[in-house]
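If you're matching them up, the sequences are chains A and B in order. Read in UniProt numbering, the first sequence has 61 at position 61, and its numbers run on one by one without any break. Read in UniProt numbering, the second sequence has 11 at position 11, and its numbers run on one by one without any break.
To be clear, the hints were calculated from the coordinates, so they are not data collected in a lab. Using N, Cα and C, we set each Cβ at its ideal position, and we do this for glycine too. Among the hints, a few may not be true.
[Said to hold, decoys possible] Residues from chain A shown here face chain B by an in silico Cβ test under 7 Å; the list is partial:
(1) Leu15
(2) Glu29
(3) Met42
(4) Arg46
(5) Leu80
[Said to hold, decoys possible] Below, simulated DSSO-like cross-link-like pairs (lysine-lysine); rule was C-alpha separation at most 27 Å, straight line:
(6) B:Lys114 x A:Lys13
(7) A:Lys13 x B:Lys179
(8) B:Lys31 x B:Lys147
(9) B:Lys31 x A:Lys13
(10) B:Lys123 x B:Lys104
(11) A:Lys13 x B:Lys181
(12) B:Lys22 x B:Lys181
(13) B:Lys31 x B:Lys19
(14) B:Lys179 x B:Lys136
(15) B:Lys104 x B:Lys147
(16) B:Lys8 x B:Lys31
(17) B:Lys114 x B:Lys68
[Unchecked claim] Across the chosen pairs, the derived CB separations fall in these ranges:
(18) B:Ala111 x A:Ser17: 43 to 53 Å
(19) B:Gly113 x A:Ser17: 21 to 31 Å
(20) A:Gly30 x B:Lys114: 45 to 55 Å
(21) A:Pro40 x B:Lys114: 15 to 25 Å
(22) B:Lys181 x A:Glu18: 45 to 55 Å
(23) B:Asp160 x A:Thr85: 44 to 54 Å
Chain residues, written in single-letter form:
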Amino acid sequence: MADLHFELVTPEKLLRSEEVYMVVVPGTEGDFGVLAGHAPFMSVVRPGELSIYSNLTTVVSRIRVEGGFAEVNEKGLTVLAEQATEA
Amino acid sequence: MPSLKSLKVRITSVKSTQKITKAMKMVAAAKLRRAQLAAEAGRPYAERLNAVMASLASKVTIGPNSPKLLAGTGNDQCHMLVVATSERGLAGAFNTNIVRAARKKADELIAQGKTVKFYLIGKKGRPVISRLFPGKIVHQVDQSHIKNVAFADAHEVAEDLIARFNGGEYDIAHLFFAKFKSALEQIPTELQIVPVPLAPAAEATGVSAAVEYEPDEDEILAELLPRNVAVQLFRAMLENAASEQGSRMTAMDNATRNAGDMINKLTIQYNRTRQAAITTELIEIIAGAEAL
Chain A
1 MADLHFELVT PEKLLRSEEV YMVVVPGTEG DFGVLAGHAP FMSVVRPGEL SIYSNLTTVV
61 SRIRVEGGFA EVNEKGLTVL AEQATEA
Chain B
1 MPSLKSLKVR ITSVKSTQKI TKAMKMVAAA KLRRAQLAAE AGRPYAERLN AVMASLASKV
61 TIGPNSPKLL AGTGNDQCHM LVVATSERGL AGAFNTNIVR AARKKADELI AQGKTVKFYL
121 IGKKGRPVIS RLFPGKIVHQ VDQSHIKNVA FADAHEVAED LIARFNGGEY DIAHLFFAKF
181 KSALEQIPTE LQIVPVPLAP AAEATGVSAA VEYEPDEDEI LAELLPRNVA VQLFRAMLEN
241 AASEQGSRMT AMDNATRNAG DMINKLTIQY NRTRQAAITT ELIEIIAGAE AL
């Protein structure tokens with residue numbers, strides 16, 4: 001399966017722009033995982049931890065985000081975080 | 001003709017001025033690089049946010065229930081001019097240009113019978129604006145303690161502006177700042193920030209029709225709008241910071257060069273005067289010897 005294009009942007013800089021297997025995002029109405037080919041979707045992000053998976057079981061990195069938005073479109077997942085710190 | 005001593009004093013004073021302007025130029029160059037990087041790093045976020053806003057805007061129709069930040073108050077009587085200038089002078093025409101743009105807009109609005117208020121970011125716009133439009137300044141944000149603009153600073157200003165908007169203090173807000181083009185050129189720019197101007201959705205691709213929202217569109221929009229104001233302000237501040245340093249660098253470069261020219265001119269004059277004094281003295285001696 002093709003990889004998911006993931007971008008994490010804060011107002012100060014573009015933090016991540018890479019191909020990953022899956023990203024789990026803390027949405028205001030519950031966490032959700034995004035794989036490649038996800039349907040168009042948009043959610044508000046609550047303060048929490050964002051996990052990036054390189055395959056089904058391995059978490060490559062966790063990033064603490066302080067609110068923002070996540071948008072999934074045909075190009076991939078874009079998280080617009082107010083603030084993000086590598087955990 | 002000035003005396004030798006006074007010429008010497010002037011040369012020394014111009015030399016020390018040159019040293020100062022040269023140092024300022026180099027400091028500005030170093031700061032410019034950093035400010036430019038910061039401005040560039042901030043671009044992706046603003047671009048993405050704009051894209052999200054545009055795609056959202058195509059879904060939401062403006063009605064009586066839509067948030068005021070998007071639809072406006074239904075009035076356009078009272079305009080707030082947010083003027084972002086620098087905290088320090090000696091930056092060439094940087095502040096003058098921004099203030100001039102704001103002033104032009106204010107004059108236009110007043111001619112149309114609108115009310116104008118000023119919200120200042122940075123202190124350098126204050127003297128001119130308070131002289132031309134006395135009593136119209138509602139607030140001034142002090143940024144003198146800030147070294148590098150952080151998003152939190154912009155956020156604070158945005159919150160204050162939105163609170164004032166919701167309190168009915170004004171109907172439309174325009175932002176004035178200098179867009180950074182190069183160290184030689186900064187363009188004074190005007191931007192409407194409240195109500196949030198929505199670019200009409202350019203691409204009406206059928207794909208986006210199926211986007212799912214969580215929570216629903218209105219709530220997302222309500223979250224997005226204030227953030228958009230903050231992001232616009234943040235961008236303006238970053239651009240302004242880069243422009244200020246660029247403008248200062250150019251101004252100081254000119255000043256250094258002018259000082260150099262002046263030193264050359266004064267040195268020539270000094271040497272001539274000295275030569276003239278020697279010649280006169282010689283003539284006097286020779287004339288004295290001949291008289292014997």
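Evaluated hints:
A cut of 7 Å between beta carbons decides the hint on A:Leu15: the least distance to chain B is about 10 Å, and the hint is violated. This hint holds: A:Glu29 has a C-beta 5 Å from the nearest C-beta of chain B, less than the 7 Å allowed. Proximity of A:Met42 to chain B holds as hinted, the smallest CB-CB distance being about 5 Å (cut-off 7 Å). Violation of the interface hint for A:Arg46 is found here, the shortest Cβ-Cβ separation to chain B being roughly 11 Å, above the 7 Å cut-off.
Nearest Cβ of chain B to the Cβ of A:Leu80: about 6 Å, under the 7 Å cut. The hint holds. In summary, the hint linking B:Lys114 to A:Lys13 is not supported, as the alpha carbons are separated by about 39 Å, beyond the 27 Å threshold. This hinted pair checks out: A:Lys13 and B:Lys179 have alpha carbons roughly 19 Å apart, not beyond 27 Å. The straight-line distance between the Cα atoms of B:Lys31 and B:Lys147 is roughly 10 Å, inside the 27 Å bound, and the hint therefore holds.
Taking the CA atoms of B:Lys31 and A:Lys13, the gap is about 18 Å. The hint holds against a cut of 27 Å. A distance of roughly 19 Å separates the Cα atoms of B:Lys123 and B:Lys104; the hinted pair therefore holds under the 27 Å criterion. For the proposed pair A:Lys13 and B:Lys181, the alpha carbon gap of about 20 Å is at most 27 Å, so the pair holds. Using a Cα cut-off of 27 Å, the hinted pair B:Lys22 and B:Lys181 holds, with the two alpha carbons roughly 23 Å apart.
As the CA atoms of B:Lys31 and B:Lys19 are separated by approximately 18 Å, the hinted pair is consistent with the 27 Å bound. Taken as a hint, the B:Lys179 and B:Lys136 pair is honoured in the structure, with Cα atoms around 25 Å apart against an allowance of 27 Å. The straight-line distance between the Cα atoms of B:Lys104 and B:Lys147 is roughly 30 Å, outside the 27 Å bound, and the hint therefore fails. For the proposed pair B:Lys8 and B:Lys31, the alpha carbon gap of about 35 Å is over 27 Å, so the pair is violated.
With a C-alpha separation of about 20 Å, the suggested pair B:Lys114 and B:Lys68 falls inside the 27 Å cut-off, and the hint holds. Under the hint 43 to 53 Å, the C-beta atoms of B:Ala111 and A:Ser17, about 48 Å apart, fit the expected range. A hinted range of 21 to 31 Å for the beta carbons of B:Gly113 and A:Ser17 is inconsistent with their spacing of about 50 Å. Between A:Gly30 and B:Lys114 the C-beta distance comes to about 47 Å, which sits within the given range of 45 to 55 Å.
Our hint of 15 to 25 Å for A:Pro40 and B:Lys114 is violated, since their Cβ atoms are close to 42 Å apart. Checked against the hint of 45 to 55 Å, the pair B:Lys181 and A:Glu18 fails, with Cβ atoms roughly 32 Å apart. Our hint of 44 to 54 Å for B:Asp160 and A:Thr85 is violated, since their Cβ atoms are close to 26 Å apart.
Going through the hint list in order, the structure does not satisfy hints 1, 4, 6, 15, 16, 19, 21, 22, 23.
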